[in-house]
Each structure stands twice: as C-alpha cells, then as structure tokens.
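Q: Now for the letters of each chain:
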Amino acid sequence: MNDQVAIIGVGWSGFKPFTPEVSYKEMMYSAAVRAYADAGVDPRRDVESFVTVAEDFHEGTSIFDEYTPDQLGAALKPMHTIAGDGLHGLATAAMLIKTGQFEIVAVEGHSKASNILTLPEVTAYAQDPVINRPLRLNTHFVAGMEMNRYLYESSTSHEQCAAVVVKNRRNALWNPLASFAADLTIQEILDGPVLAWPLTCRESAQNVDGAVVFVLASEQRARSLCEKPVYILGTGWCNGSASLESRPWAQLPYVEKAARMAYQQAGIREPLKALDFVEVDDQYAYKELQTLEALGIFTFGQAAPLTEQGFTDPDGDLPVNVSGGSLGIGHLLDATGLSRLLEVVLQLRGEAGARQLIEPQIGLAQSWRGVPTTSTAIAILGI
Amino acid sequence: MGMRKVAVIGAGMTRFVRRALETPKELAWQAAHQALQSCELTMDDIEAVCLGTAPDSFDGLHMNGEYLSDGAGGWQKPYMRSYVGGGTGVFVPIQGWYHIASGLFDVVLVVAEEKMSSFYPHAQAAFLTIFDHTTERPLKPNLLWIFALEMNRYMTTYGISKADIARVSVQHKRNAAGHPAALLGDSQITVEDVLKSEVLAWPVQRYDVSPVSDGAVAIIMAAEHVARRITDKPVWIEGVGWSLDTAHWTNRDLAYPRYVESAARMAYEMAGIKEPKKEIHIAEPYDPFDYKALHHLEGLQLAERGEAVQLYIDGTAARDGNMPVCPSGGLLGVGNPIAAAGLMKIAELFWQLRGEAGERQVPGHPRRGLAQAWGDLMQVGTVVIMGR
Numbered sequence: 001m002n003d004q005v006a007i008i009g010v011g012w013s014g015f016k017p018f019t020p021e022v023s024y025k026e027m028m029y030s031a032a033v034r035a036y037a038d039a040g041v042d043p044r045r046d047v048e049s050f051v052t053v054a055e056d057f058h059e060g061t062s063i064f065d066e067y068t069p070d071q072l073g074a075a076l077k078p079m080h081t082i083a084g085d086g087l088h089g090l091a092t093a094a095m096l097i098k099t100g101q102f103e104i105v106a107v108e109g110h111s112k113a114s115n116i117l118t119l120p121e122v123t124a125y126a127q128d129p130v131i132n133r134p135l136r137l138n139t140h141f142v143a144g145m146e147m148n149r150y151l152y153e154s155s156t157s158h159e160q161c162a163a164v165v166v167k168n169r170r171n172a173l174w175n176p177l178a179s180f181a182a183d184l185t186i187q188e189i190l191d192g193p194v195l196a197w198p199l200t201c202r203e204s205a206q207n208v209d210g211a212v213v214f215v216l217a218s219e220q221r222a223r224s225l226c227e228k229p230v231y232i233l234g235t236g237w238c239n240g241s242a243s244l245e246s247r248p249w250a251q252l253p254y255v256e257k258a259a260r261m262a263y264q265q266a267g268i269r270e271p272l273k274a275l276d277f278v279e280v281d282d283q284y285a286y287k288e289l290q291t292l293e294a295l296g297i298f299t300f301g302q303a304a305p306l307t308e309q310g311f312t313d314p315d316g317d318l319p320v321n322v323s324g325g326s327l328g329i330g331h332l333l334d335a336t337g338l339s340r341l342l343e344v345v346l347q348l349r350g351e352a353g354a355r356q357l358i359e360p361q362i363g364l365a366q367s368w369r370g371v372p373t374t375s376t377a378i379a380i381l382g383i
Numbered sequence: 001m002g003m004r005k006v007a008v009i010g011a012g013m014t015r016f017v018r019r020a021l022e023t024p025k026e027l028a029w030q031a032a033h034q035a036l037q038s039c040e041l042t043m044d045d046i047e048a049v050c051l052g053t054a055p056d057s058f059d060g061l062h063m064n065g066e067y068l069s070d071g072a073g074g075w076q077k078p079y080m081r082s083y084v085g086g087g088t089g090v091f092v093p094i095q096g097w098y099h100i101a102s103g104l105f106d107v108v109l110v111v112a113e114e115k116m117s118s119f120y121p122h123a124q125a126a127f128l129t130i131f132d133h134t135t136e137r138p139l140k141p142n143l144l145w146i147f148a149l150e151m152n153r154y155m156t157t158y159g160i161s162k163a164d165i166a167r168v169s170v171q172h173k174r175n176a177a178g179h180p181a182a183l184l185g186d187s188q189i190t191v192e193d194v195l196k197s198e199v200l201a202w203p204v205q206r207y208d209v210s211p212v213s214d215g216a217v218a219i220i221m222a223a224e225h226v227a228r229r230i231t232d233k234p235v236w237i238e239g240v241g242w243s244l245d246t247a248h249w250t251n252r253d254l255a256y257p258r259y260v261e262s263a264a265r266m267a268y269e270m271a272g273i274k275e276p277k278k279e280i281h282i283a284e285p286y287d288p289f290d291y292k293a294l295h296h297l298e299g300l301q302l303a304e305r306g307e308a309v310q311l312y313i314d315g316t317a318a319r320d321g322n323m324p325v326c327p328s329g330g331l332l333g334v335g336n337p338i339a340a341a342g343l344m345k346i347a348e349l350f351w352q353l354r355g356e357a358g359e360r361q362v363p364g365h366p367r368r369g370l371a372q373a374w375g376d377l378m379q380v381g382t383v384v385i386m387g388r
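Quick mapping for you: the protein sequence lines, in order, are chains A and B.
So in our numbering, the last spot in the first sequence is 383, and the numbers never skip.
So in our numbering, the last spot in the second sequence is 388, and the numbers never skip.
It cannot be assumed that every hint is accurate.
Stated by the list, open to error - Residues from chain B that keep clear of chain A, each with C-beta distances beyond 10 Å, as calculated:
#1 LEU36
#2 MET63
#3 ASP70
#4 TYR98
#5 ASP106
#6 LYS140
#7 ALA148
#8 LYS162
#9 VAL212
#10 GLY387
Said to hold, decoys possible - DEER-style ranges, computed between Cβ atoms:
#11 ARG269/A / MET43/B: 26 to 32 Å
#12 ASP44/B / GLN302/A: 30 to 36 Å
#13 GLU275/B / GLU219/A: 33 to 39 Å
#14 ARG206/B / PRO176/A: 55 to 61 Å
#15 CYS201/A / GLN124/B: 50 to 56 Å
#16 ALA163/B / PRO17/A: 56 to 62 Å
#17 GLU219/A / SER187/B: 56 to 62 Å
#18 MET43/B / THR299/A: 28 to 34 Å
#19 GLY192/A / LEU21/B: 47 to 53 Å
#20 SER246/A / TYR158/B: 18 to 24 Å
#21 THR190/B / GLU121/A: 47 to 53 Å
#22 HIS33/B / ARG136/A: 32 to 38 Å
#23 GLY364/B / ARG44/A: 41 to 47 Å
#24 PRO141/B / ARG269/A: 35 to 41 Å
Unchecked claim - Reference listing, derived: stretches of chain A covered by chain B, where coverage requires no fewer than 3 residues with Cβ under 8 Å from a Cβ of chain B:
#25 69-79
#26 128-134
#27 367-377
Calculated directly from the structure, the hints in this document are not laboratory data.
Note that beta-carbon positions come from the ideal geometry of N, C-alpha and C, so glycine has one too.
Model the full structure from these sequences, guided by the hints.
A: Okay, here's the thing in structure tokens:
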C-alpha cells in the first residue's frame, strides 16, 4: 500500500465559451501534453493507469469511454471512465495508487459544452422518468425552488446571494482563464433578467469548453520526480436522496457527509481554522453560501452576512473562489471539479499570478453534479 | 507493505428476463437486497457503493448512475459509477476491489443493473451512436455487422467451421438449463438448431448471439479482517486486470483480442499465476456471441490461438471437464443485461468456489476461477481471478 498520494503535474486547455478550432480530442491532448511535461513523465513509459470522467449525453456518443485512450497516450493500458465529476475521478486515481498496484496515474476531465445544441433538454433527461419527467420541470426551475427554500429557511436575502456574484466575477478579473470577469454591482445583478424566480440569469454560471489533466504519484515517486508535490490530504464523496420529493431543500446533508469523510482523512477538526482558502461549487450563486455551511465552515445562515462583510474576499479571513469560481471562469460540466482543483494546486505552488494568496498551506475543492442530483465530491490538498 | 486482501462475501441476482416490469431502481434494489441477505448484513454495514451500468441511452436517462443511486443503496453513502462499456460488469468488482485495497473502506456493495427493454422497439438502436461521428456514423454501421466481420475474420484466419462454433452456444444454453435466473436455458438444444436459426448478419445467426435482457446482480466485498468475521467461506480476489485499446478498431487485427491478453497478464501477475491453463479451474469468459467465448479463451492464454474450440470438442470445457467454461450458462444461456451479465459471472464463481451452485455445481472442489468481460469497439478487456 502507498499511504500518501501527491499531484505532480497539471495541464489545461480551452476555457472559452466557444472553441470551434479544436475537437474535444485535441483539447484533451493539449491539456495532457502540458500535464505530462509539467510532471516530467512520459505517458507511454511512466503512467500506469488512466481515469477519465464523462457522461454519454454530454458527449453525444454512447459508450463514450471508447474515445478516451488515444489522445492521452493510454491505449492498451488500464484505463476506465467514472461517470462522475472530476473530483470523483481524482478520488479514484488516489485509491488506485493507495492499493500499491500503481505508482503514477493520470486523471482527465473535459467539457465541450458548445457542441451541445440542446443542453436544457439533456439535463432535464436526468430527472426520474416515471415521477418527474411528466411534470416537464426545467433544470433551472428546480434550482430556483431550492434557492427560494434556502433563502426562506436561512433568512438570507437576495442581495446577499448577489454579493457572491459580485465577488466571484470580480475575482475573475485577475484570472487569465476566466471568461466572465466583470465588475458589477449588486443592483445590476438583481435588475438583470430572471431565470427562474427568484434566481436571476446573472446568478447562474454559463458553460465553457475546456480540458484539465492531473498526474498523480505515490509519495515516493513524487519526491523523486517533483520539486513541489502537492499532497492529497483527504477525499470525500457522497450521494443524498436521488428523488426530488424526499430530500431537504435548504441544507445539503450529502455535502456534510462527504466533508466529514475528507476532514477525517486530513485530520481536520475545525475547518475554518485549518483551511487557508476554498474553491466551492457556485453553479448558482446561492449554492456557494449553502455549500460553505454544509462544509461546516460557517453555521447555517451565517454564510450570507459573512460574505457581505468581505470575510470570503481574496483579502478576507477565508478566501472563497479566488479563481472566480464557475460564475467567473465558466462551468466545465463534468470537468468543473478539476478546474477548481487546478486553482488549489496553482495557489499552493505559488503559481497563481496576480491573484496569488500569501503562502497558503491547505486548500479545499468541492463540486456538485447539478440538478437533479445530490452528488458531491471533495478534495483537500496541502503542501 | 503487501497489498490488502479483498474477498467477496455475498451475492444476489434477479432473474434475467426480456422485459422486466420493475423500474431500473427496483431491479437494482432486488439484487442488492438479496446480496445483503446472503451474508446477513444490512445497509448500515455498507460503507460505500459501486455501480456498473452500460450506456445511458438504453434508459434514455442522462446521468443514469445518479438516477439509480438510491435503488442501488447509494443513499447517504460514498457512491460512484464506473464505466467501460460492455466490460463494465467485470470492471465494477475491480472498482470494489480498489475501494477496499486502498484502505479507505472495509465493506462495499457492488451493484450492476441493466434495463435494455426501455429502448423501443429494440436496444440495438442505442448502439448506432457508439461509432465515430465523423468517420463511421455516416456508414450507419450496426453492432451485429461488426461482430459478423470479427466472427468471419476469426473463422477465416484459423479455418474454423460454423458447426464447431455452434458447440459453444449449445453447451452454454444447456448449462443454463440448471440456472434458476436464466432466460434461455435449454437442455435439449443441438448444433442443428443453431445452424438452422435465422441469419441476422452472416455468419451470425439468431442462436449465435445472446438475448437482449433486463436484470441486476449485486455482490458484497470486504477487507480480510471483516470477511473472516462474517463468513467461513470468503472467496478472495486474487488478481485483477483491465486494458483499453485504441478507438481505431478498424486498424486492429480482429482475429485476436490483444487487449484481453494485456488485461489477463496484469491479473495473472497479481495472482502469481505462471501457467494459466493448469492453474485456472473454472473459466467464465465473456460470451455475448458464441465465437467470442473462443476468442476470449485464446486472449486469456487458456487456449492456443485458433484452438479454443478443441476445448469444446474434447470435453475439457464441459461442466465435468478439466476446465469447465461458463458453467453458469454464460450470456448465451442466462441472458445479457450488459453490465449485470458480467457481474453474474463473478457471482457464479463465488457460488461455484463455495460449492453452492446447486445443479450447476462443478465437481472436484474447484479452487480458482477467472471471469472476463469485453466491451467498447472490440477494445476493452476486464479480468478478475478469484480463489478460495
């Protein structure tokens, strides 16, 4: 068994709303080449197993895992797909190394959202075909309902949700990968078009194309290959209720459970003290607040006032989504968790450029698989 | 430090049927519940859940894994769905293995479910979108055609007759006659019946191919210290292997599945097996088509290239032979709900190695068995070796 697993290479490509100049395979290839160069490994010689994350309907191809090996250098090697978020893929790669069977494993996630002509219809096809589909629920409508319930139970105001958008899109101004950087006011967000009341368009992340690849290694290999390995201190993932009817709508017990699993591995008792910064899901602005509470960082109802007071700003006590988050960067479908983990790695390595935090030691990334799921994954990294 | 030992301690399966009235969630839960009962555990004892199910297009459900989660027992638990096309059924126990071997979990529920009948009128159409969107889809290939190409290539390369290949179908369907969950068990079927069946895409005929089916299978896996506490007869995972070849299947020599060889070699190495022909006592190669079982036996190094059919001719592959092949009845006999069919092979080895296979029991107290699945575009091999 290998006790410790480290990230020794990262690579990315795309991160644009439209990428007509490249196919998903070319985007994966570019990201992989960068990651392998960053780690100093040859995929054919050194990488022993590969994991990709994808969903068939996002790809427009049945059994999509067929088309994953070639552009990663994985042909005729142990490779498999996880139908989950990129952070599920990361947890899988870490498990593969911990068994002792593999020393170096690569993880890939990508989005070619601009190829999907009917994304709202596709996501609606994730609802229960017997009980929910006949109601013709739009995905954003379900999010609007959740937001409304959250605002009601936690006594959060709509202005406070909008403050999340202001912060994240402003953070994105310092991130060259971000497509939706902007300096907005709370009023501009509230006055914008409504998506599904009370949710407004500007409180919902837009999709971008992109690919992210990570190279992971056992502690021993990491030390010989890499000057600054970033260690995976803990991973956690959990599903809650699959049905809309039997879940709590204001709180996220599945995020609480996943967080407990990750904190336990990392030996963290007080997350607010232990974590230097976090990158959490913000597909919808209210989700950031809801998630920070579920992660045990703030108590229920406290995330909104603290956000308003600047506690989660880049120069605040706990910077949240200093990358710009999905609201600022754009959402990368199944690769979203990896795009947020990329920020955690860059910050810990001191390679975050203009948005570099002062010597962070431990960071957390979290993702949610979107409506109608209650599926989350978490990774805690440290140096 | 050595690797953590992982055992299978319980198994359950639904009947494999052409058109189940249950929803996919219900099928998954029936199998999971049976597996739990078989080792007297409850969901409270389960620390994580692994799910296998093949393409979402069968059910017309985006993120089918998320939909199935509560049915499969993945409620308020770490839950993940792994996916390697048709190879998924034998991959999902590998996923369970690494969950436990990593040291993160001690008891894991592994579920494979497939409901192909939701696709109307026929699940074949779900396979129209597995081909490359630029180079192949315009030709409108059908899955049966590419199997016909491969079967033809295999027969031509080694000079094997249709009548000899039909022996595989006959033996598997006869074996399945003793399986209470089987869809196509038939103790009376003959080679003549296979050769007279309807031609689907020459040389593939109706009885050369496994049926479209619905069903679910579940197993419980545990770390050594837990397994020994729960059962006197744990069945150990001795080796696992998987290998995914290039997507450019048209550039491959279809006569030999090198990806199966690559997966098998990984598993043999882990299990410390040097002479597979002697050391494997029961083989459950993937048999969605009759020639496929032969093809895979060769890839698994259990027969020389072009000679696997001899195992059927000389009786080695029979239930009372030296190396029984698919004593379960395989996909040809029990049925082929894709992912569930692969996990059915693991469940069969579990029952056979514990001496609990009833009418299908292989004589002579077999000690070690191998299960294998295959999938994607003639592309992926997944192998698990189990022993007591």
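Q: Is the hinted range of 32 to 38 Å satisfied by the C-beta distance from HIS33/B to ARG136/A?
A: holds, 33 Å
Q: Between the beta carbons of CYS201/A and GLN124/B, is the distance compatible with 50 to 56 Å?
A: The hint (50 to 56 Å, Cβ to Cβ) is violated, given that CYS201/A and GLN124/B are roughly 42 Å apart.
Q: May I ask you to test the hint 28 to 34 Å on the CB atoms belonging to MET43/B and THR299/A?
A: Cβ of MET43/B to Cβ of THR299/A: about 30 Å, so the range 28 to 34 Å holds.
Q: Does MET63/B sit more than 10 Å from chain A, CB to CB?
A: violated, 5 Å
Q: Take the C-beta atom of PRO141/B and the C-beta atom of ARG269/A, compute their distance, and say whether it sits inside 35 to 41 Å.
A: violated, 58 Å
Q: Go ahead and decide if the range 33 to 39 Å is satisfied by the Cβ distance of GLU275/B to GLU219/A.
A: holds, 36 Å
Q: Can you let me know if the beta-carbon spacing of GLY364/B and ARG44/A is within 41 to 47 Å?
A: holds, 44 Å
Q: Go check the region 128-134 of chain A versus chain B for me, would you? Three or more residues, Cβ under 8 Å, otherwise it fails.
A: holds (count 3)
Q: Using C-beta distances, would you say chain B covers the region 367-377 of chain A, given that this needs three or more residues below 8 Å?
A: holds (count 4)
Q: Confirm or reject the statement that LYS140/B sits farther than 10 Å, beta carbon to beta carbon, from all of chain A.
A: holds, 14 Å
Q: Between the beta carbons of ASP44/B and GLN302/A, is the distance compatible with 30 to 36 Å?
A: holds, 32 Å
Q: Looking only at beta-carbon atoms, does the pair ALA163/B, PRO17/A fall within the given range of 56 to 62 Å?
A: holds, 60 Å
Checked against the numbered hints given earlier, the structure breaks hints 2, 3, 4, 15, 20 and 24 and satisfies all the rest.
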